[in-house]
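> Model the placement of chain B on the given structure of chain A, informed by the hints.
Just so you know, the protein sequences line up as chains A and B, in that order.
Just so you know, full-length UniProt numbering puts 104 at position 104 of the first sequence, and the rest follows in order with no gaps.
Just so you know, full-length UniProt numbering puts 85 at position 85 of the second sequence, and the rest follows in order with no gaps.
Everything labelled a hint here was simulated from the structure, so no lab data went into it.
Fair warning: there could be bad hints in the mix.
Put simply, identical chains are the same to the list, so a pair is met inside one copy or across any two.
[Claimed, not checked] Straight-line Cα separation of at most 27 Å, DSSO-like style, residue types lysine-lysine; simulated pairs:
1) LYS89 - LYS18
2) LYS44 - LYS54
3) LYS310 - LYS298
4) LYS89 - LYS25
5) LYS89 - LYS27
6) LYS163 - LYS18
Being a predicted model, the structure only gives us computed values, none of them experimental.
Chain residues, written in single-letter form:
2 protein chains.
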Amino acid sequence: MNAVSRRASTLPISAVRKLVPYAQKAKARGVRILHLNIGDTDIKTPPVMLARLKTFAENPIGYAASTGVPAFIEALLVYYHRLGYTFLKSENIIATVGGSEAISMAFFATCEIGDEVLVFEPFYSNYQALALLNGVHLVGVPTYISNGFHLPDAKFIEKYLTKKTKAILISNPCNPTGVVYTQREINELVLLAVKRNLFLISDEVYREFIFVDRPHASLFPYMKKYPENMIVVDSLSKRYSLCGARLGVFSTLNESLLTGVTKIAMSRLSGGIIDQAVGAALTDIPEKYLNEVQEEYKKRRDVLYKGLSKIDGVTLSMPEGAFYCMVGLPVKNAEDFCVWLLESFRENNETVMFAPGAGFYNSEGKGVNEVRIAYVLNTDKLKRALEILAHALKAYPGRRKSA
Amino acid sequence: MNAVSRRASTLPISAVRKLVPYAQKAKARGVRILHLNIGDTDIKTPPVMLARLKTFAENPIGYAASTGVPAFIEALLVYYHRLGYTFLKSENIIATVGGSEAISMAFFATCEIGDEVLVFEPFYSNYQALALLNGVHLVGVPTYISNGFHLPDAKFIEKYLTKKTKAILISNPCNPTGVVYTQREINELVLLAVKRNLFLISDEVYREFIFVDRPHASLFPYMKKYPENMIVVDSLSKRYSLCGARLGVFSTLNESLLTGVTKIAMSRLSGGIIDQAVGAALTDIPEKYLNEVQEEYKKRRDVLYKGLSKIDGVTLSMPEGAFYCMVGLPVKNAEDFCVWLLESFRENNETVMFAPGAGFYNSEGKGVNEVRIAYVLNTDKLKRALEILAHALKAYPGRRKSA
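Next up, chain A with everything else stripped away, as it sits in the complex (with noise of 0.2 Å):
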């Protein structure tokens, strides 16, 4: 009979949100879930946002510019001059539906159908899904445990570059790996990608949240002497907790970049003007709100990896920032063991759930053993999920005899 389109019955499951149907199964049988497998902070949201929507006063809620209500745009721009990009003008950012789509209108603009992306492998799983929407191939390039996933030298990318490559994508702070790029890999990555032609799209939206001891090398510095090539997609969720308030940003100064992605924002007519009246809050939010956001995150980083080190047979590198890791873990299949925590383990009624690694690489094979595991929860509840993971392990009937 009539069935799906073959692109779209293909398309991958999100490696964070894969094993929701056990995880449904398991609350119905009563038992609690201490989520780690998907970036939804429990952090509150600043309340000066939230205020915002008891004056919301606009009636009828009409349609947006297509490329963002003014007043969100300004707001945006006075956060990124108040950062030091100053060059940075109203027209060089367009507001999306969260950075999905700011990630989903850059492969559309820089590639045609059939043309490849350079990604670090592990990286952030829906790039998989958007890449392919867009008909875009994703070609990963390895990082590894063992260096704390920074990144390969040029010529070592240069070997994964084909006639097809338009771009190499990065996400930095890094989901899911938590690598903080050096401002020397940055600067290696933008003289490769302008050297070759190459658009270089940084994700940044974990901005501020960097537990080393140097500054985010952010790719706006290098906009204003590369503006052809170089592209931040960014986005308010983890920032400030929005992650249900549909908040992205694209932006480049490539003139025609901005037109085309402006004719792919005008298709779907606007975005969200509820949203982008919260989101134009953040100007009015008190500086501290950022500062102890990181330092919870930092304080959740330390109890993780101390945590993590102490069980027998984890791999893990010590994270630098966003608030995710890449965990090696001493069993077979990181898939089966996760989905055996939620169908058949708990320790007073409670379990813990993880992202399976391999839907972090599109390399076969790999990430098999590993787990995304994303510090949203408090310091209490990650001891608390640690104990039960070591645990966990120790019962499980699909642990590898030697790590």
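Frame of chain A, contents of chain B only:
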């Protein structure tokens, strides 16, 4: 240097928004513009929906389920059940970021790259860009002002089917023509789709805006008999004046489609939870709200039709529903005329803005002397707009001698 992709650069600019730069310049010169170019209505959003913003208490603002916030889905279900479609279950409904996203998902989920979807010309201009974003080719089947843009018979439509045709897409009541298809027309289309194993996608966002004495011929009643073929696209934007809250719906009983569309929805994580909280109030709206809105649009339709009929050389058919009509003007080129209205004409410092008709066709050369008029302003403003149009047509140097 590094340029935007060909496919992005060749996306059409929305006919509805194409002339916005001219409008901005006119406004900068202090000219007031009566906007009949876009379906952005002046009718108020129901207060009970806006009231939800005052009591919105979720903090943090986390992701919604990819397929929609349960309370919103349940409210939609109550709405559809009240309409008599009691066979619908919550799993048949996927909440989307506006009707636009539902259309985009339908293209991706029914077609491979290069496949074809039949539409009836003139058609809603954004269908074109959304099709191109999904690598789908729209094939226009002509309909004519002379019979009120009603559908040709199945034999005629079949001539436009090829091996690549995967779906037929209709807007009913129709944007941009205002036609409301009869039960007989829908019936014939359903049988054709089933016979040829095609998907039939019915965009029913104007369902309640019908000014003829026959009920809406929805696709929902056909879903039970032909669960594999039928897709309904819906949106709260027009019904409750919520264009800037992105609240669309994709609905089908086809399980493989539902699985595919769920994966597309997962790729962008979630829609907006604030917008969906507003949408969930739809069951609290007093029944008289939609009756009053329908009455108001009918009044406007009558004023518009009467007024346009009096203008020499104007051709139109009585709009039966939605809040649009396609109108032939006694000018050589309607886009030039629309630009001239914004650049060179004013009366008491006022002018009027329409959407050029050619953007609603994909057959070269069609609709060149037509405009789409959205009657989204009150009757006083509409009368004034008609006055301006009549005077402008007299003053316009590019007027055609005989209509």
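> Run every hint past the structure and note whether it holds.
Hints versus structure:
no.	hint	result
1	LYS89 - LYS18	between (40 Å within a copy, 23 Å between copies)
2	LYS44 - LYS54	both (17 Å within a copy, 18 Å between copies)
3	LYS310 - LYS298	within (19 Å within a copy, 72 Å between copies)
4	LYS89 - LYS25	between (50 Å within a copy, 20 Å between copies)
5	LYS89 - LYS27	between (48 Å within a copy, 22 Å between copies)
6	LYS163 - LYS18	neither (34 Å within a copy, 35 Å between copies)
When each numbered hint is compared with the structure, a violation occurs for hint 6 only.
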